[in-house]
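Novice: Start from the sequences, fold in the hints, and give me the full structure.
Each chain is listed here by its residues.
There are 2 protein chains.
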Amino acid sequence: ARPRVGYFYTGKTGAQLLTENLNKIFVRDYQSLPVVVNENISVYDAIVSVFLEDVGTLYVVDENSHLVGVLSRKDLLRASIGKQELSALPVNIIMTRMPNITYCEKDDMLIDVAKKLIDKQIDSLPVVKVTDQGLEVTGRITKTNITKAFVALVDGDL
Amino acid sequence: ARPRVGYFYTGKTGAQLLTENLNKIFVRDYQSLPVVVNENISVYDAIVSVFLEDVGTLYVVDENSHLVGVLSRKDLLRASIGKQELSALPVNIIMTRMPNITYCEKDDMLIDVAKKLIDKQIDSLPVVKVTDQGLEVTGRITKTNITKAFVALVDGDL
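Going down the list, the sequences are from chains A and B.
For any residue, its number in this note's numbering is found by taking its place in the first sequence, counting from 1, and adding 142.
For any residue, its number in this note's numbering is found by taking its place in the second sequence, counting from 1, and adding 142.
Do not rely on the hints blindly, as some may be mistaken.
A pair holds if it fits inside one copy or across any two, identical chains being indistinguishable in the list.
[To be verified] Subject to a maximum C-alpha distance of 35 Å in a straight line, what follows is the list of computed DSBU-like cross-link-like pairs (lysine-lysine):
no.	residue 1	residue 2
1	225	166
2	248	271
3	271	166
FYI, nobody ran anything at the bench for these hints, they're computed from the structure.
Specialist: In structure tokens, the structure reads:
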């Protein structure tokens, strides 16, 4: 019999191939390191951390290192035009608290996280490990990470 | 002769099809409206604008409505932990000025803008119309717009 060589139609369109490729990109492949602060630090110190660490969002943890809040640049800016003294104002007064924090896990698909960022109009999600005691923060996913994945798609790195 | 029906190999891989599709996405398809402020307003008023308009970056224009600067949330946060009175500090003291502003035009490819955002580590680019008199700001492209394009790719909207 004649050997089967060359290309064969697989029944897939370009869009389907793309979707398949995107469904193979996970949070763990694009996540960044999280920047975590204690819930008792001041807003002033949190703003300094934003600059030192060059991040848009800080994750706030309790004394057991479990996630209790999120501080966005917007939260910090809002506090900075308030009347309070920033060095005397603890971050747990102004942070977004559980259960209002949207998070993800390292094995989630990146595309699902991208949809959450758009739907909820937020800048980043903490990547957590869920334990019986609480949420351990292990990473962060930002629109920068999504933009990097978009660029990598074109460069053929995916 | 037998009619040529069915699928034929086009010589293109999934990656090539993807690249072709991405090269058809332009800035004009995903840009947002720009938020523009005058160079003489105070840092305090600029921070208020960030909240009222819910944007990450403000574009600063001169009396002829030409682009002269960019104010990021980071610029505003940095000023807010300084010693100056925010309502007495004009934005043109703290803004990033031309020629240090990276911009794009509406007919640029979105993927090229995505690469610039990553390479230069910035949050957004103004979309401008280049004239003999200067740059007219007509839009903005943020990582949110790029993330929306990423989601649309998968939903087959592109």
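Novice: Each hint: holds or not?
Specialist: How the hints compare with the structure:
no.	hint	verdict
1	225 / 166	neither (48 Å within a copy, 49 Å between copies)
2	248 / 271	within (8 Å within a copy, 42 Å between copies)
3	271 / 166	within (20 Å within a copy, 39 Å between copies)
Checked against the numbered hints given earlier, the structure breaks only hint 1 and satisfies all the rest.
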